[in-house]
Amino acid sequence: MSVEHLYNLDRQVNTSDDPLQSAAGTNMESKSLWVPSERIGLHLIDIPSAPERKWAELIPWMLEDRVLQPVDEMHFVVADRDDQQLHIWAVSQQDMREWMRIADNAGIAATAMAPDFMALDWESGILSVGWREGMLLVRDGSHSGFAATPDVGWVMVDAILKSANVIPRLSISLPDEGMVPEYLRAAANINSSSVDWQFAVFPAVSLMSAEFKPKAARPAWFQWWPVAASTMAVLLLTVIYLQVANRSLEAEVVDLEQHLLTSHSRVFGGTKPALTAFRSTAEARIEQLFKQQKSLQAEPVAALSALDTLMNACQCELQAMTASTDGVQLKVSGGANLVKKSLNIRGYQLSLEQDQTAGPDVFALSMKPRVSQEPNP
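Heads up: the sequence shown at position 322 corresponds to 322 in this note's numbering, and the numbers run straight through without jumps.
Source of the hints: derived by calculation from the structure; they are not laboratory data. Among the hints, a few may not be true.
[What the hints assert, rightly or not] Straight-line C-alpha distance at most 27 Å; calculated BS3-like pairs for lysine-lysine:
| id | residue 1 | residue 2 |
| --- | --- | --- |
| 1 | Lys341 | Lys368 |
| 2 | Lys341 | Lys291 |
| 3 | Lys162 | Lys340 |
The model shown is predicted, which means the values in this text are computed figures rather than measured ones.
Construct the entire structure; sequences and hints are all you get.
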């Protein structure tokens, strides 16, 4: 499936002097289209408590106070989600129809649409900046970003950098390095490459959903006879294949049985069991693994496992440890680096105190399971 930017199609339509030479109505070529990100809003909302099948009805009203147009004139798409929030793309239905009209006039059957900031390369810890005909494209997440004029865009980039807990690296692709504000140049990787719309990776999520879902290029009955003939040929070949494969499998089963019986004494020792003994042995070992997994998820082993990321590279030395189902208490020396870390482990309450009696370099770390509060009936 080929990919193109909507503006490139718009040029093709505008350069046609003779309306009779329009590509509309001819054999349509299927394409995925990048569309202008400045026409698309990104909103974060809490995951609704209602069943997922009702989200399409609830999301417009949850965003009623955030969009400038009436919600019944907007089109909403769930672009991504995490444990607590949904990432929603919001675009005017009028814009969607206009983009589809431009594609149709250019002889293109649009199969998917996505905001053009998604054409920028992205990975965790990197903020990508690109350029599209006077507009600054910025991508700061797997499905989040924006497009804006440079005077507004650089202010927004600066705001993202200042609000980040860990400042991301800047990857900037602009035709002129002088377009980058001076205070951002030192910490940025700047190059002059342009966005290749045709070879950029197109996302799985598309704006073309619900009423804008792409229609089939031709009616189903048009391909009925070729499909029926192909199906019959496939069925015939499948029957032949299954017969041959069945005989081959029967021979393989006999060989495997003999191999198992021969190898059992070398692997496990003892007398050779009947074939049914292999299944009971496997079930017993799997049951033992489940018991081991359950014990690893119980306290205090689970707490010790959760501490692994916190204690990583802390440059401290363990002096004493007390572990029970109520929690874990550690006494460490040289734990000054722990003070700089965020003591936040999901499901646990942590406290770090300096042990005045043992010395200024000794800290006591306490970790207790957080008690979940059941809702009142």
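Comparing the hints with the structure gives:
1. A C-alpha spacing of about 18 Å is found between Lys341 and Lys368, which places the hinted pair at or below 27 Å, so the restraint holds.
2. This hinted pair does not check out: Lys341 and Lys291 have alpha carbons roughly 34 Å apart, beyond 27 Å.
3. Distance restraint check for Lys162 and Lys340: the Cα-Cα separation of roughly 19 Å lies within the 27 Å cut-off, and the hinted pair is therefore satisfied.
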